[in-house]
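Enquirer: Letter by letter, the chains look like this.
There are 2 protein chains.
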Amino acid sequence: MYEVELKVRAQHEPVRERLAELDADPKGMVEQIDTYYDHPVRDFAETDESFRIRRETDEDEETARVTYKGPLVEEASKTREEWETGVDDGETMAEILDELGFSPAATVEKIRERFEWKGYTVTLDNVVGLGEYVEVETESEAIEPAREGAIELLQELGLDPEEQIRTSYLGLLLAEDD
Amino acid sequence: MYEVELKVRAQHEPVRERLAELDADPKGMVEQIDTYYDHPVRDFAETDESFRIRRETDEDEETARVTYKGPLVEEASKTREEWETGVDDGETMAEILDELGFSPAATVEKIRERFEWKGYTVTLDNVVGLGEYVEVETESEAIEPAREGAIELLQELGLDPEEQIRTSYLGLLLAEDD
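Just so you know, the sequences run in chain order A and B. Note that my numbering gives residue 41 to position 41 of the first sequence, counting from 1, and the numbers run on in steps of one. Note that my numbering gives residue 28 to position 28 of the second sequence, counting from 1, and the numbers run on in steps of one.
So here's chain A without its partners, still in its complex pose (with noise of 0.2 Å):
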């Protein structure tokens, strides 16, 4: 199974509008606040790995999970070993994270809002410090028809496939600070 994303960015209303036109199933919008951790050792940026807690809040409930990603493993298709597990209480194991010597390094954060559309999700998310982006994105067996998929619906919600972004929003932050 393949994860083949799109991401651009460009400002939500004319989204939002071509996306009621196609008719798109609203999935909500949540708030997500990732704190990326240093490690008390390994310098995440020259191994090329990261690790987060990412709190999600929605309408009536907070959720908390942690998540690990490990180096590029195939450049051309970005394919990185990923662990992702819930976590009860962040906060809990943010103190863990903290005795155990890993520091917050960054924080990422977002109001993320889901559409479905014939195996698609498109995603709008809004970025503390980065501003508006929209992001188009399914899984398949097969990553060329995946793929242009993909571009036609970038195109379809008038954005250019050109404009792709292939920087992580932790990676465009950090870039700021330069």
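One or more of the hints may lead you astray.
Claimed, not checked - Simulated coverage check for chain B against chain A, where a stretch passes if three residues somewhere in it have a Cβ under 8 Å from a Cβ of chain A:
{"no.": "1", "region": "12 to 25"}
{"no.": "2", "region": "33 to 44"}
{"no.": "3", "region": "108 to 118"}
{"no.": "4", "region": "121 to 134"}
Unchecked claim - Which residues of chain A face chain B? A few of them, derived with a C-beta cut under 8 Å, are:
{"no.": "5", "residue": "39"}
{"no.": "6", "residue": "68"}
{"no.": "7", "residue": "89"}
The set of hints was computed from the structure by calculation and includes no laboratory data. In this text the structure is predicted, and so the values were computed from the model without any measurement. Glycine included, each C-beta is placed from N, C-alpha and C at the ideal position.
We have chain A; now place chain B onto it with these hints.
Expert: Frame of chain A, contents of chain B only:
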């Protein structure tokens, strides 16, 4: 709030009979498998800390949680800082810890049976490689009366408070290895 705990090595069968005579409330039986981890660079034996994943299985479900215990902050009452939270998937958490450079150092595996009696918890532990233990435990604002009560209950169960063991199961198992 203080936690008072008295643990002795004892055969379970006569204790179980006394618990029935006292009309103690049986709280069921679980299997607990604790995996203790070595820190990537810190020596927990030296810093008097511990970090583990506990996987607990009862009749119908498996749960997992991570627990960090800090060094003793007060010698007399054996008080430690402790942080614990449930995780959705213990195996995934183990994979994440592995990726972060933590390695499994020791496993403590036991069948634990609990009874409640007048504000006290009586725990019958059958620990793989160590044998049968009984623990009497309560929480209280007043440490001395709670301790007196725990001693009396141990005696009611036909056990000798003088035989109290202060070493953790992990400590006992590691001592056996020496």
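Enquirer: Give a verdict on every hint.
Expert: Going through the hints against the structure:
1. 12 to 25: violated (count 0)
2. 33 to 44: Contact hint for the region 33 to 44 of chain B vs chain A: holds, 4 residues under 8 Å.
3. 108 to 118: violated (count 0)
4. 121 to 134: Violated - the region 121 to 134 of chain B has 0 residues with a Cβ nearer than 8 Å to chain A, which falls short of three.
5. 39: With a closest approach of 7 Å, the residue 39 of chain A hint holds.
6. 68: Constraint on residue 68 of chain A satisfied, holds at 5 Å.
7. 89: 4 Å, holds
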